[in-house]
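A.B. asks: For the protein sequence lines, the chains are A and B, in the order given. The letter at position 120 of the first sequence is residue 120 when you use the numbering used here, and the numbering goes up by one with no holes. The letter at position 219 of the second sequence is residue 219 when you use the numbering used here, and the numbering goes up by one with no holes.
Any given hint might turn out to be false.
Since the list can't tell identical chains apart, any single copy or any two copies may satisfy a pair.
[As the list claims (entries may be wrong)] Within a straight-line C-alpha distance of at most 30 Å, the following computed BS3-like cross-link-like pairs (lysine-lysine) qualify:
1) K428 - K327
2) K48 - K406
3) K220 - K387
4) K48 - K403
5) K406 - K8
6) K261 - K428
7) K48 - K209
8) K30 - K327
9) K9 - K406
No lab work stands behind these hints, which were simulated from the structure alone.
Protein chains: 2
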Amino acid sequence: MLAAEIIKKKRNGHALTEDEIQFVITEYTKGSLPDYQMSALLMAIYFKGMDNVETLSLTKAMLHSGITVDTSSLAGFKVDKHSTGGVGDKTSLILGPVVAGCGIYVPMISGRGLGHTGGTLDKLESIPGFNTQQSLENFIKITREIGTCFIGQTKDICPADKKIYALRDVTATVESYPLICASIMSKKIAEGVDGLVLDVKYGSGAFMKTAEQAEELALKLMAIGQGYGKKVVSVISSMDQPLGRFAGNAWEVFECLEIMKNVRNPLYDETRELSLQLSAQMIHLSGKTNSIQEAYKLAEDCLVSGRAFEIFSKMCELQSGKLNDLKFSSQKIELKADESGYLTHFNVEQIGVAGILLRAGRRQTSDIIHPTSGIEFHKKINSPVAKGDVIYTLHGDEAELFKDAKEYLQQSFRVTPSKISNHQLIKKVLT
Amino acid sequence: MLAAEIIKKKRNGHALTEDEIQFVITEYTKGSLPDYQMSALLMAIYFKGMDNVETLSLTKAMLHSGITVDTSSLAGFKVDKHSTGGVGDKTSLILGPVVAGCGIYVPMISGRGLGHTGGTLDKLESIPGFNTQQSLENFIKITREIGTCFIGQTKDICPADKKIYALRDVTATVESYPLICASIMSKKIAEGVDGLVLDVKYGSGAFMKTAEQAEELALKLMAIGQGYGKKVVSVISSMDQPLGRFAGNAWEVFECLEIMKNVRNPLYDETRELSLQLSAQMIHLSGKTNSIQEAYKLAEDCLVSGRAFEIFSKMCELQSGKLNDLKFSSQKIELKADESGYLTHFNVEQIGVAGILLRAGRRQTSDIIHPTSGIEFHKKINSPVAKGDVIYTLHGDEAELFKDAKEYLQQSFRVTPSKISNHQLIKKVLT
Chain A
1 MLAAEIIKKK RNGHALTEDE IQFVITEYTK GSLPDYQMSA LLMAIYFKGM DNVETLSLTK
61 AMLHSGITVD TSSLAGFKVD KHSTGGVGDK TSLILGPVVA GCGIYVPMIS GRGLGHTGGT
121 LDKLESIPGF NTQQSLENFI KITREIGTCF IGQTKDICPA DKKIYALRDV TATVESYPLI
181 CASIMSKKIA EGVDGLVLDV KYGSGAFMKT AEQAEELALK LMAIGQGYGK KVVSVISSMD
241 QPLGRFAGNA WEVFECLEIM KNVRNPLYDE TRELSLQLSA QMIHLSGKTN SIQEAYKLAE
301 DCLVSGRAFE IFSKMCELQS GKLNDLKFSS QKIELKADES GYLTHFNVEQ IGVAGILLRA
361 GRRQTSDIIH PTSGIEFHKK INSPVAKGDV IYTLHGDEAE LFKDAKEYLQ QSFRVTPSKI
421 SNHQLIKKVL T
Chain B
1 MLAAEIIKKK RNGHALTEDE IQFVITEYTK GSLPDYQMSA LLMAIYFKGM DNVETLSLTK
61 AMLHSGITVD TSSLAGFKVD KHSTGGVGDK TSLILGPVVA GCGIYVPMIS GRGLGHTGGT
121 LDKLESIPGF NTQQSLENFI KITREIGTCF IGQTKDICPA DKKIYALRDV TATVESYPLI
181 CASIMSKKIA EGVDGLVLDV KYGSGAFMKT AEQAEELALK LMAIGQGYGK KVVSVISSMD
241 QPLGRFAGNA WEVFECLEIM KNVRNPLYDE TRELSLQLSA QMIHLSGKTN SIQEAYKLAE
301 DCLVSGRAFE IFSKMCELQS GKLNDLKFSS QKIELKADES GYLTHFNVEQ IGVAGILLRA
361 GRRQTSDIIH PTSGIEFHKK INSPVAKGDV IYTLHGDEAE LFKDAKEYLQ QSFRVTPSKI
421 SNHQLIKKVL T
């Protein structure tokens, strides 16, 4: 098989065969197909797409480029959640312990943040000592013991995805449904879970700008998961405002701890609610409950009882994290409203970029994160705003980073005379 | 400037600025922009195109990636011809000496054959000893002395084009108007000529399958040349049959020598006529004549008088080629017609592929050519054919190569009960 002919075939809009896709991925993973042919193929896929059969073949080839996790020693239903990413999106830290507390295994393999969206690993690593680089044996052992464990991608799982993702990032080929689908699903299938809840976000802070696009992506992702015999549901949720009170790694851990300790604050409401809704879907997927309502009740009980907090604390301990040593930053400035009215619009991507400028996030994979930097949100969509009210607090240890971030943040919200009527956290659940 | 952002801009269908194009080409030439970003950009250009301003910027950037030829010591009009390529397309060998014999300089920098189309350098190098790797000083000296000289691309002229062309070849990004235009025109402008005649071919053996596509390409090429203040005309000519009697390097030289020696054979007619028509355009571009007819008369006189043959012989001598030592192959087989009627259709690309199988051409730049291999055409479009008539003779020194080539050739022509009416060598001249 000639790589150039395969590129040409896709360029001309034809579907690739399973053998052709397998050939490309295998040769690329072992380094015999060069980056320049892969990037040309990725761009051709960007323009010409892939049908469901091709996308499934691509997922399969990427999945088989490495090892899969043997979860057979976990007797019972195993479920994970994947979010397409957003700002302040910290639900994993809550739903892992909540669902584990309801007797369902949640073995989570997470990624790092890139661009304006955050990553679970970075949040956890803001806890001093927390080790996300566990062996797979330890990963299974901890999950068996307390029901959940959070680790990072290992180099043995889907190596093709790692290589391709790095290439997509520098060749403007990230925004492609089949490439996104195969990347997400190959990793999730490699984890060996039985069920998967997808949190597919739309809005100004999401990859998908509209609910329709998010739904389209969700259906494609679900088709692949179901093709592998997995139970998959999708929650289509809004990223039209940052989730909850904080964005920034240590700050987000703090927010989750507060929620798990039952501290109530309206600014926490969305984080708490989305975490419980996703938990309910995860629990219900296991077949343990007769309705989502019942599953939601189980999840909420687990949270309110303090069991989720206990499991989270235990997980930190088992993964060498010292929760009591969590550090916050020493400097802050406030950004205030120039006018009165209602906060009706956030440009969440711009907020994410401000986060990068504060070093709470990464522009490139090689960037070093400041775990104590962050942005605090004092107003949410439809909050009344009086001139002079604080909209954001910028937190960090290097005050000289505030200036540029503040400029971005100044442009990132709009105050108008009246409320908007159509804001909702969860748009739809696809089962 | 970030290469990934430039790729994204083109991918999204926006025009690139001159600075962006300059940045990409400069960085790529010096190796700081990697192949994988260039190939992604090339694929984006394949899909989204480039407008005339962008194409001119690309040509300029590629031109300035290397040196240009200083032709200032050639006092008088300097003209070149470029053909988009075909099978048996050997007119350069005739028109160079013809136009030079009319007092106009023809400094020709030519390429090698790739794929099903032949290259002037390969034809000349079938003459034992012929050295196409002259220094630029010698190139100008020989041109000054006898009016014409044929050399190959040097590494100093348009190095960006060389690097990009090699990449396009393996990433399915050859067939793109702006990329074709910039590649051709940057090299031709670097040659320092005042005028250029483009032989833009269409048909089953050409890159452009229809006359309309050829005309579209011609207009784009002309716009760039004119943007550089060059006089440019385009001849839109048919590649619906191989040109003349032979395809294959030594055989094509032989055909040109026969024509320059005034041997008349109906199988030579198209080669002779196209060479004279292109010569006439080149002569007329110089301003030496009042009409194309007058220019054609000058060209034909030069050919018939034997002056063109003298100049060609002299050029071989000055470039160390021993014309009298021209060798031909020892083996041949014939391919005969199965039915009677008229030959009305050639699949010229397939004939070119048969030529590659005989080693008369290259599939990859690293392939070694057999200069004595070739295909002889006994019938042309609208020739009457009787069952058992010879259609092709395959020539070569390795008889074991004949089998595969013959299979291709068997599928490469069609005999039908009646003639076709619409075959013409030159469709149009664009001035």
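A.B. asks: Compare the structure with each hint and give your call.
C.D. replies: The hints, checked one at a time:
1. K428 - K327: neither (37 Å within a copy, 78 Å between copies)
2. K48 - K406: Close neither inside one copy (40 Å) nor across copies (37 Å); limit 30 Å.
3. K220 - K387: neither (45 Å within a copy, 59 Å between copies)
4. K48 - K403: Answer is neither; intra-copy 43 Å and inter-copy 39 Å both fail.
5. K406 - K8: between (47 Å within a copy, 27 Å between copies)
6. K261 - K428: So K261 and K428 pass the 30 Å test inside one copy only (29 Å; across, 83 Å).
7. K48 - K209: So K48 and K209 pass the 30 Å test inside a copy (21 Å) and across (23 Å) alike.
8. K30 - K327: neither (42 Å within a copy, 46 Å between copies)
9. K9 - K406: between (48 Å within a copy, 27 Å between copies)
This entry does not satisfy hints 1, 2, 3, 4 and 8, going by the numbered hints stated previously.
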